[in-house]
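Fit chain B to the known structure of chain A by using the hints.
The listed protein sequences correspond, in order, to chains A and B.
Quick note: to get this note's numbering, add 14 to the position in the first sequence (first position is 1).
Quick note: to get this note's numbering, add 14 to the position in the second sequence (first position is 1).
Don't take every hint at face value.
The list treats identical chains as one, so a pair stands whether inside a single copy or across any two.
[Said to hold, decoys possible] Computed list of lysine-lysine pairs in DSS-like fashion (alpha-carbon distance at most 27 Å, straight line):
(1) Lys186 to Lys159
(2) Lys104 to Lys159
(3) Lys104 to Lys219
(4) Lys219 to Lys101
Honestly, the hints are just simulated from the structure, not real lab data.
The lines below spell out each chain.
Protein chains: 2
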Amino acid sequence: MSRPLILVTNDDGHFAPGIRALVEVASELGEVIIIAPDSPQSGMGHAITIHNPLRINRVQSFGDIQAWECNGTPVDCVKLAKHVVLKDRKVDLCVSGINHGSNASINIIYSGTLSAAMEASLEGINSIGFSLLDYSFDADFEPSKPFVRRIMQFVLDNGLSQTRLLNVNIPKLASGEIKGMKVCRQANARWIEEFVESTDPRGQKYYWLTGQFINEDLGSDTDVHALDNGYISIVPSGHDLTSYGAMAGLSDLND
Amino acid sequence: MSRPLILVTNDDGHFAPGIRALVEVASELGEVIIIAPDSPQSGMGHAITIHNPLRINRVQSFGDIQAWECNGTPVDCVKLAKHVVLKDRKVDLCVSGINHGSNASINIIYSGTLSAAMEASLEGINSIGFSLLDYSFDADFEPSKPFVRRIMQFVLDNGLSQTRLLNVNIPKLASGEIKGMKVCRQANARWIEEFVESTDPRGQKYYWLTGQFINEDLGSDTDVHALDNGYISIVPSGHDLTSYGAMAGLSDLND
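Excised from the complex, chain A in its bound form:
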């Protein structure tokens, strides 16, 4: 029986330790093809490149494993992987990450990591975005690996039903301290933004985005709650943004 084909991508680029951890696990489970941005693309959300040409290049940064870099966004990477690199060969699973930093709750909409996985899901590919709650380059991905492996194996064995995308976040804990995994809903949390104002060497003002993550969602069934309590959160996610509950209140707008 042929091994499953696993597409690996991320938004932090090739040299991020997080993608190396993910490739290590994926290689145990299937044939791996990597395509990742040639520069960090955090915060790119679901951006696509339409005003500029895209380029891809083979890179040797993963030894024997076929790896490509792309000058576009994470979503561009997935589109190019599917249609140019793999020429529409069937992909069994797409995994994105492991991101250095949280993509729980509202972060999913800003995240290049999750947008890449979502793009694959739109192409009909079962997909998982993995993120570790540690922004540092030197984050320790060892404790994550057994869980990443278990979730990937589950999806390869069972497929997914009524979703094609899992948003997985992993708390920053040592191996013995992770309590387990929980299937959750996305917490209704948000960022309170601030801008650091400063002046450049030519005397021009500039602003740099910063902010604070605030969770006002008190449910015990959310991803943020699971993570706060030492669990890995798994949120099955989609792309239908319709607020069905709001439709009745808008009936005066119907002609």
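Frame of chain A; chain B shown alone:
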């Protein structure tokens, strides 16, 4: 009574006729402040700028109306408007567009126009993204204006309940031909991508994204159906991506 404060933005930049049509309508209904990207930002999705400084400048392109340009993404524009330009002064309504081209169905997740409006909704501001199904620079926005005005007035008068974001798309029809408006759900349609492959003057291959929009959703309650039948579509939209129906099938992953 003071006039409502209306924040106007878009993703096509200041010089797009679409934003001028929107400003014209908004100015009849309230005090208008404009902040728009300094270059076209179509397809930027919910991208934010975190690796670079952001700049804003006053511009005179709208006569007496206070207008700013920003070097960031549409989402950056909204964040800067709220926290730097308006210094957290209460905004009564944010409108984004009128986009040159459709943002119906799955286009909402790629759209800078809608992501700007969604960002405002995350800040607690009632928001509307407007798009006309005509990509051309010379698109005729006259037939749209009475409907744009009616929807804005509705939200100013009644507020919104169970949503803070409306995704409004307008068919490319002459004034008398638009049949009316319909509150709808987002169609489950998608893009079938293709890449045009070519070679640059230095002999390097490049790819340019293109594609075809395919609607396989046969429901008569979708935005695509409404537009195909000559109606303006209004989809109340949110940011909870959880696929609730998929949770039960993942119970084996719970510890």
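Hint-by-hint comparison with the structure:
| no. | hint | in the structure |
| --- | --- | --- |
| 1 | Lys186 to Lys159 | within (13 Å within a copy, 52 Å between copies) |
| 2 | Lys104 to Lys159 | within (26 Å within a copy, 46 Å between copies) |
| 3 | Lys104 to Lys219 | between (50 Å within a copy, 24 Å between copies) |
| 4 | Lys219 to Lys101 | between (47 Å within a copy, 16 Å between copies) |
Of the hints listed earlier, there is not a single one the structure fails to meet.
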